[in-house]
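Participant: Protein chains in written order, with this note's numbering: chain A, 1 to 480; chain B, 1 to 480; chain C, 1 to 480; chain D, 1 to 480.
These are computed hints drawn from the structure, not numbers from a lab.
Glycine included, C-beta positions come from ideal geometry on N, C-alpha and C.
Accuracy of the hints is not assured; some may be wrong.
Chain D stretches covered by chain A per the calculated footprint, using a threshold of three residues with CB under 8 Å from any CB of chain A [unchecked claim]:
#	stretch
1	107-119
2	152-159
3	336-350
There are 4 protein chains.
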Amino acid sequence: MFPEVDEIGPDKPVEKCGVVSIFSRYEHAAPYIYYCLRALQHRGQEAAGIASYSREREDIVFEKGLGLVGEVFSPDRLEKLPGNSGIGHVYYSIALSVPENAQPYVFHTASGTIALAHNGILTNAEELKVRLKKKGHGYYSGSEEESVSYLISDSMLAGKSMISAIKSALSELDGSYAFSFMVNDHVFAARDPMGIRPLCLGELPDGLGYVAASESVALDAIGAKHIRDVRPGELVELTEDGIKSYQLFERGEIAHCFLEYVYFARADSVIDGREAYRSRMRIGWRLAKESPVSADVIVPVPDSGRAHATGFSRGSGIKLEEGLMKNRYVARTFIMPDQHLRDISVGEKINPVKSIVRGKRVVLVDDSIIRGTTMKRIVKKLRDAGAKEVHVRIGSPPVIAPCYLGIDMTERGQFVAHGRTVEEIRKIIGADSLAYISVEGLMEALKWEENQMCLGCVTGEYPIKIKGEKTRLQRTLQDY
Amino acid sequence: MFPEVDEIGPDKPVEKCGVVSIFSRYEHAAPYIYYCLRALQHRGQEAAGIASYSREREDIVFEKGLGLVGEVFSPDRLEKLPGNSGIGHVYYSIALSVPENAQPYVFHTASGTIALAHNGILTNAEELKVRLKKKGHGYYSGSEEESVSYLISDSMLAGKSMISAIKSALSELDGSYAFSFMVNDHVFAARDPMGIRPLCLGELPDGLGYVAASESVALDAIGAKHIRDVRPGELVELTEDGIKSYQLFERGEIAHCFLEYVYFARADSVIDGREAYRSRMRIGWRLAKESPVSADVIVPVPDSGRAHATGFSRGSGIKLEEGLMKNRYVARTFIMPDQHLRDISVGEKINPVKSIVRGKRVVLVDDSIIRGTTMKRIVKKLRDAGAKEVHVRIGSPPVIAPCYLGIDMTERGQFVAHGRTVEEIRKIIGADSLAYISVEGLMEALKWEENQMCLGCVTGEYPIKIKGEKTRLQRTLQDY
Amino acid sequence: MFPEVDEIGPDKPVEKCGVVSIFSRYEHAAPYIYYCLRALQHRGQEAAGIASYSREREDIVFEKGLGLVGEVFSPDRLEKLPGNSGIGHVYYSIALSVPENAQPYVFHTASGTIALAHNGILTNAEELKVRLKKKGHGYYSGSEEESVSYLISDSMLAGKSMISAIKSALSELDGSYAFSFMVNDHVFAARDPMGIRPLCLGELPDGLGYVAASESVALDAIGAKHIRDVRPGELVELTEDGIKSYQLFERGEIAHCFLEYVYFARADSVIDGREAYRSRMRIGWRLAKESPVSADVIVPVPDSGRAHATGFSRGSGIKLEEGLMKNRYVARTFIMPDQHLRDISVGEKINPVKSIVRGKRVVLVDDSIIRGTTMKRIVKKLRDAGAKEVHVRIGSPPVIAPCYLGIDMTERGQFVAHGRTVEEIRKIIGADSLAYISVEGLMEALKWEENQMCLGCVTGEYPIKIKGEKTRLQRTLQDY
Amino acid sequence: MFPEVDEIGPDKPVEKCGVVSIFSRYEHAAPYIYYCLRALQHRGQEAAGIASYSREREDIVFEKGLGLVGEVFSPDRLEKLPGNSGIGHVYYSIALSVPENAQPYVFHTASGTIALAHNGILTNAEELKVRLKKKGHGYYSGSEEESVSYLISDSMLAGKSMISAIKSALSELDGSYAFSFMVNDHVFAARDPMGIRPLCLGELPDGLGYVAASESVALDAIGAKHIRDVRPGELVELTEDGIKSYQLFERGEIAHCFLEYVYFARADSVIDGREAYRSRMRIGWRLAKESPVSADVIVPVPDSGRAHATGFSRGSGIKLEEGLMKNRYVARTFIMPDQHLRDISVGEKINPVKSIVRGKRVVLVDDSIIRGTTMKRIVKKLRDAGAKEVHVRIGSPPVIAPCYLGIDMTERGQFVAHGRTVEEIRKIIGADSLAYISVEGLMEALKWEENQMCLGCVTGEYPIKIKGEKTRLQRTLQDY
């Protein structure tokens with residue numbers, strides 16, 4: 001029996017976290033960090049935090065809590081964060097959260113205070129923890145952020161300069177990261193050597209300082225100019241004298257997460273030179289060429305499939321209509337006592353516009369399918385509303401493998417595409433036809449080479465060595 | 001100086017309330033009412049309430065409170081509402097709300113218990129109250145719903161049958177109304193003689209009963225079949241033996257609120273035979289013909305202008321792109337201390353997709369302009385993002401007069417179009433060109449005659465006599 | 001099996017409500033009402049409310065809510081209550097409360113706005129409601145306060161003057177009441193013809209106005225001088241020109257509630273010329289004479305038995321020691337899963353001081369026993385702590401009958417003394433000896449005559465006709 | 001001008017924290033820890049926490065939060081704490097608390113998980129932190145509890161056994177402590193070498209395990225038998241095989257905090273063999289002999305002065321009466337806008353019983369005076385109520401110096417007795433006479449020698465070296 005999605009988790013890949021670093025000549029940086037975090041809210045809604053450097057107290061202060069940015073921070077609470085520089089974080093966690101787990105993590109060491117905010121996952125987190133514990137370090141939260149902090153402080157304590165210490169610490173890390181962090185009043189941002197997670201750089205209006213953030217929409221939010229992206233393996237310090245850059249690692253292979261383009265990033269974000277909206281449009285266009293279909297109307301799944309659907313419409317010449325309406329007020333859902341009420345409950349988020357679908361051959365376009373249960377439900381709704389045919393087109397290849405590098409998709413068993421053919425999936429979701437974009441088509445649309453992307457979740461081959469999984473390199477050797 | 005919108009109120013017309021009546025053979029009707037109310041949540045987010053008839057207590061019981069439907073009602077609270085029939089209400093109020101003001105209002109009288117939920121405004125509310133007070137009635141909330149309840153109970157007490165008493169009570173009312181109400185275990189719905197506010201009828205799945213609701217999306221939510229709309233001046237009782245209909249008033253002039261089609265109703269609702277989505281599409285198409293413009297791209301204001309923009313794109317042949325992204329997490333906004341932060345704050349809801357607008361001649365499409373401040377801000381954002389020209393097209397005629405019949409637009413001074421020419425408004429919002437749809441074009445698009453619509457807010461002439469205002473009749477006499 | 005007390009209700013009689021009326025020359029009366037209500041908080045902790053007359057709005061405004069006075073009213077909320085006169089209420093209810101049920105009740109009528117706060121119970125509430133409903137009145141809360149309000153407004157509407165209308169309304173009421181009420185900007189207080197519930201009058205400092213309140217401690221709280229008590233059957237209006245008095249009913253038999261002296265009133269209150277503390281002392285003294293015992297130490301049940309115990313110590317010459325300590329932080333108690341934990345839970349409020357009771361013959365003094373379960377537990381605790389003997393002395397006669405006039409003791413089955421001899425009760429609570437004060441001794445101590453008191457709960461004979469119960473009159477005829 | 005007390009802090013010394021350790025054969029120890037903490041609630045109301053060892057997860061789990069024990073822990077939350085052993089903590093903090101600061105602190109180290117709850121203050125906390133930071137440790141909260149945890153884990157990591165490591169860690173600490181702590185599934189309690197803070201040992205009913213707690217009332221609460229106190233310098237492990245004792249430090253000078261007897265401990269607690277209630281009684285008795293006065297009545301300040309007053313009554317032969325009533329509902333107090341209302345606000349907690357004080361010579365007895373503002377106010381209230389004379393007698397010597405060892409009295413400037421003669425203080429509080437108990441009298445009453453007590457706050461000479469202060473030793477050398 002196919003599991004019911006709402007009982008076991010979200011039917012979309014879920015992003016983990018967003019980060020912000022600011023050095024400014026504003027009297028108080030915290031409100032600007034606040035607006036950046038609001039613009040990154042789609043990357044994590046569980047918790048939010050801001051740390052800033054207080055000259056008066058000569059230390060880093062911080063405030064954090066559970067909830068949306070606007071719930072955690074009142075103007076009063078922002079006022080507790082003086083100082084012209086700071087960092088911020090929005091957090092996603094599928095585990096029941098406690099306020100202690102919110103970021104930034106702030107530690108006081110002999111080398112000063114370290115505040116750290118992280119987007120990504122370290123693949124050697126356990127090894128690091130075991131090693132650092134053996135060295136005598138105690139863990140409060142058990143988080144990998146504690147490890148990074150200890151690596152930096154140990155190196156500084158051993159006599160290294162701040163930059164050398166950071167370089168040394170980061171060189172110990174495997175996996176993905178975009179870090180916003182501070183050591184005392186120094187503000188940094190750093191990106192993993194393969195550039196898996198995004199991180200961009202901006203200049204504040206009127207040359208009043210610099211900002212690094214997970215996505216360019218955070219820059220837009222405060223009127224900052226997008227200068228460039230932080231380079232894979234680059235550490236930047238935001239200072240009064242400009243952005244100081246340290247290329248910590250030789251420029252080697254890169255592996256940007258393709259799902260940022262396809263789903264995570266806000267459509268108006270520009271990542272590593274490609275705008276998410278335009279990327280999605282091109283995917284849709286290419287999908288229309290790869291898997292054409294005779295139909296009357298293109299209907300996007302709101303809001304995730306809209307850009308892809310627009311592209312599909314252009315590519316196919318079939319008109320797009322907003323054939324599905326979303327109930328934007330359905331946030332909390334209770335588990336209802338009887339089956340009939342549960343069926344109502346799972347369907348209340350989406351409703352067809354009957355005039356658009358009745359008697360029509362509909363192409364339903366979305367960005368991805370994970371569990372498949374929502375898609376199955378939507379297909380049924382369209383048929384109930386009178387659609388003659390329902391053809392499903394998906395703007396990413398089938399997700400068949402877990403993500404170990406920052407996305408909340410961890411169990412193969414949860415993927416409808418795991419161990420199934422496209423035809424088998426089509427039957428499960430009840431569509432008349434089903435097509436995913438090919439990896440080649442995707443690459444063409446994104447304008448990246450396959451060996452510049454992390455495609456682990458759709459190929460099962462990862463850019464980084466992961467125990468029990470194939471690495472991209474193997475593939476490269478065999479296939480190219 | 002042009003006032004800042006976020007300080008003084010919403011920049012969109014705001015609907016007041018939605019209602020639901022259910023008679024069912026379900027053991028408990030309350031969860032079904034709950035889902036109907038969730039589907040009507042866009043009509044009011046301030047408070048919610050449900051009343052049902054408990055056979056055990058031989059009385060109507062009710063629960064209500066401040067907040068969204070999903071916040072007010074937990075499964076535990078729904079369980080306090082036994083019975084197979086009931087009514088529900090979602091409430092909008094610009095005044096600071098108290099739980100006491102939530103509906104349904106429930107009164108215990110010698111003729112039984114009366115529960116009442118109302119969408120609309122009675123124009124003779126004050127006269128009724130004065131008259132009923134003189135008769136000895138005391139008012140707890142001072143609401144017009146108390147008056148209606150007293151009218152019904154007085155008539156029943158005077159010996160009239162329930163239906164006669166209701167008929168007699170409703171005949172005393174002037175103004176607009178869609179009522180869901182109960183007298184003991186009898187469930188009713190009624191619509192004002194001109195059909196100003198919407199109200200539709202459905203049949204529960206498997207013939208298990210009947211439902212009346214403000215919009216058909218509430219019927220969709222619980223799988224009910226949309227049978228027809230409640231007729232202007234019709235009272236219906238939902239019973240075991242079917243829907244009993246009483247045409248209380250001679251079928252005369254009608255006056256459906258055109259803003260339901262243009263903005264209030266969810267796009268997937270069908271009202272009096274016309275679907276909101278298709279109506280908006282046709283408006284956009286007609287607007288493209290009335291006020292064409294040479295441009296590169298059509299951009300809707302999300303989410304309100306999307307259907308109109310789709311129509312405009314069809315009518316003009318210019319492609320539509322989602323050039324504005326909405327931050328869906330910005331609910332609560334604080335007033336920030338300095339001007340720069342306030343500018344950031346008011347702009348954070350909308351961000352342009354740069355690839356779409358840079359260097360382009362943009363047609364920005366929305367459904368309406370009330371104060372104009374948001375539109376002004378969006379035009380500026382588009383220009384900042386590089387738009388070469390910004391042409392604004394609006395899917396309703398200029399709003400120049402208050403609504404007395406159920407919409408929260410009460411002060412002429414708040415309308416940017418009040419006492420200004422279109423050219424003057426264009427200058428205020430900073431557009432290269434501005435056009436509204438004409439009343440004639442609107443009528444053609446909606447497929448209604450001008451004298452079948454309430455157009456008070458755009459013509460200043462009302463279908464019902466309102467002190468100090470012109471009535472539609474005068475206009476009819478003079479202009480036709 | 002003897003029922004566990006904490007599962008079925010409190011083991012002390014519980015008072016219902018306290019009231020306050022103020023006319024002042026202060027700019028804002030509400031903060032003074034607030035402090036009066038805080039001093040009356042022991043009379044009701046469920047809800048609180050204040051109404052005041054706003055000259056600006058020419059109407060009564062009110063604020064009320066669930067919780068302690070200090071929880072319901074913030075300074076901000078008090079500021080919403082302008083005006084130099086007003087009334088207040090604290091509420092006790094064993095039923096799950098809703099904010100709507102808080103008092104004062106405020107009704108708007110043709111004769112003006114009526115606000116009403118009530119301590120007491122009307123024994124003809126149902127008859128009144130039926131009669132008023134038949135007259136056409138609808139009930140929102142179904143409360144007797146609505147009835148009183150309708151009686152006043154009907155009479156005023158019929159052309160009577162305000163005072164005549166109030167007199168006429170009050171003459172319809174049977175039962176007990178202390179009312180604080182307003183008709184528009186007129187502030188009143190009234191007491192039932194037998195003076196069952198207390199009500200006293202004070203003058204504000206510096207002659208700035210007048211105050212009526214349930215207990216004199218409310219006067220103390222704001223520095224007001226206690227002038228006298230409101231007389232049984234008296235209506236007072238607090239005005240700029242002084243206290244206007246109207247003796248509505250012939251002075252006849254009176255029936256003050258003796259439990260106010262014994263338990264309800266704060267010990268520092270003076271009621272009808274007798275101070276509660278001194279009354280309790282005299283009861284204890286008299287009890288020592290009536291039921292002497294050879295013992296080593298007198299131990300009060302804190303805090304209720306302390307004054308009685310002091311008197312008992314004086315009367316017996318045996319020293320008093322605070323042999324039981326109370327955990328003042330135990331407010332909320334959860335029902336624990338297993339029996340051992342439940343036993344711990346019910347005992348955690350009281351703990352013996354071992355040095356005082358070990359090896360001693362202890363006299364345990366309290367004011368009353370209702371269910372007996374708490375007393376049983378304390379006796380056991382004393383024995384466990386090493387007490388050689390435990391003698392229980394109670395400062396009221398056995399409670400054997402319900403209260404119909406304002407105290408929350410409604411079921412005969414809940415009284416341990418119902419249908420049991422003193423010896424049987426002694427066995428249940430496990431004491432070596434048990435004695436209650438006699439009715440005669442109680443009267444002597446209180447300095448009232450038996451026919452001036454309501455002793456219904458200890459004699460089963462009531463000062464007012466109550467269906468199915470004996471009245472005091474019968475007793476008077478037979479026994480005197 | 002003498003400062004208003006309620007604006008600047010409490011007018012009583014405030015205790016910091018209480019601790020509990022339990023090893024049991026109960027399936028779940030957490031509910032028992034919960035009841036122990038409720039009994040210790042008077043030692044800290046700001047936060048509460050419990051840690052327990054989960055066999056299933058093979059780790060320590062914990063729950064903590066802000067508020068009273070009964071607010072932090074619901075039955076659901078207690079169920080998240082499986083395991084038959086654990087520790088608990090109640091916390092007092094004058095600083096605005098954050099949930100992160102609640103205890104127990106739990107750290108994960110290479111030697112296992114350490115959970116720690118602390119009552120007391122380490123006087124070398126800063127030195128320890130600097131030293132441990134230099135060794136490479138990072139601090140999350142900056143608390144001294146982190147230091148203790150690092151000391152233990154460092155020693156264990158260096159190869160010491162658990163007990164040796166704990167011994168080594170505790171030997172590094174200066175100051176006062178009662179610790180409840182766990183290392184993995186081992187449960188410990190430890191007391192500082194001078195026994196400054198209290199800690200007692202008990203046996204669970206039916207031999208089901210052992211408990212250590214700050215006060216014996218925690219043992220009473222769960223029916224445990226008080227065996228003995230933890231000795232100064234003793235470490236105990238609670239195990240299946242009994243209490244294992246390790247005398248870590250040579251038995252030397254001891255220094256019990258005298259304020260535990262005088263004020264902090266609940267009167268029914270027995271500390272180091274002396275019951276608090278009896279100690280207070282004896283103080284009162286001795287005070288009556290030292291500073292007799294001709295008077296009519298002894299009145300205690302409720303509830304703190306009651307036991308002292310009882311002793312004074314015995315010693316003087318003057319009768320005691322409860323002449324002051326406390327409003328037990330006044331928890332939250334707002335700062336009121338005008339002076340008159342502020343005067344009302346500060347006085348509402350206490351009200352005289354007029355019959356007791358009118359025309360009388362009153363002896364007012366309390367345990368201590370810190371700021372003096374409350375005492376001043378009470379004296380005035382008694383005079384306003386008609387007292388002819390008011391003589392104040394205080395059950396502790398004048399507090400003239402800060403506490404560095406666990407009590408929240410840190411600023412000399414806040415003590416009314418700092419730099420003032422008794423006569424000067426008398427004038428400030430407005431009494432007819434004022435006397436404090438002498439140090440000698442206090443010692444006699446407590447049955448301890450002066451060099452067995454910590455009297456720092458009343459002599460300015462401390463049992464432990466404190467920078468800038470005299471030590472008891474100096475005094476000992478000079479004075480004995």
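Participant: Would you mind marking each hint as holding or not holding in the structure?
Facilitator: Verification of the hints:
1. Beta-carbon proximity to chain A at under 8 Å applies to 5 residues in the stretch 107-119 of chain D; the threshold of 3 is reached and the given coverage holds.
2. Against chain A, the stretch 152-159 of chain D contributes 3 residues with a C-beta closer than 8 Å to a partner C-beta. That satisfies the three-residue criterion, and the hint holds.
3. Check on the stretch 336-350 of chain D: 0 of its residues sit with their Cβ under 8 Å from a Cβ of chain A, so the three-residue criterion for coverage is violated.
In the structure shown, a violation is registered for the earlier hint numbered 3 alone.
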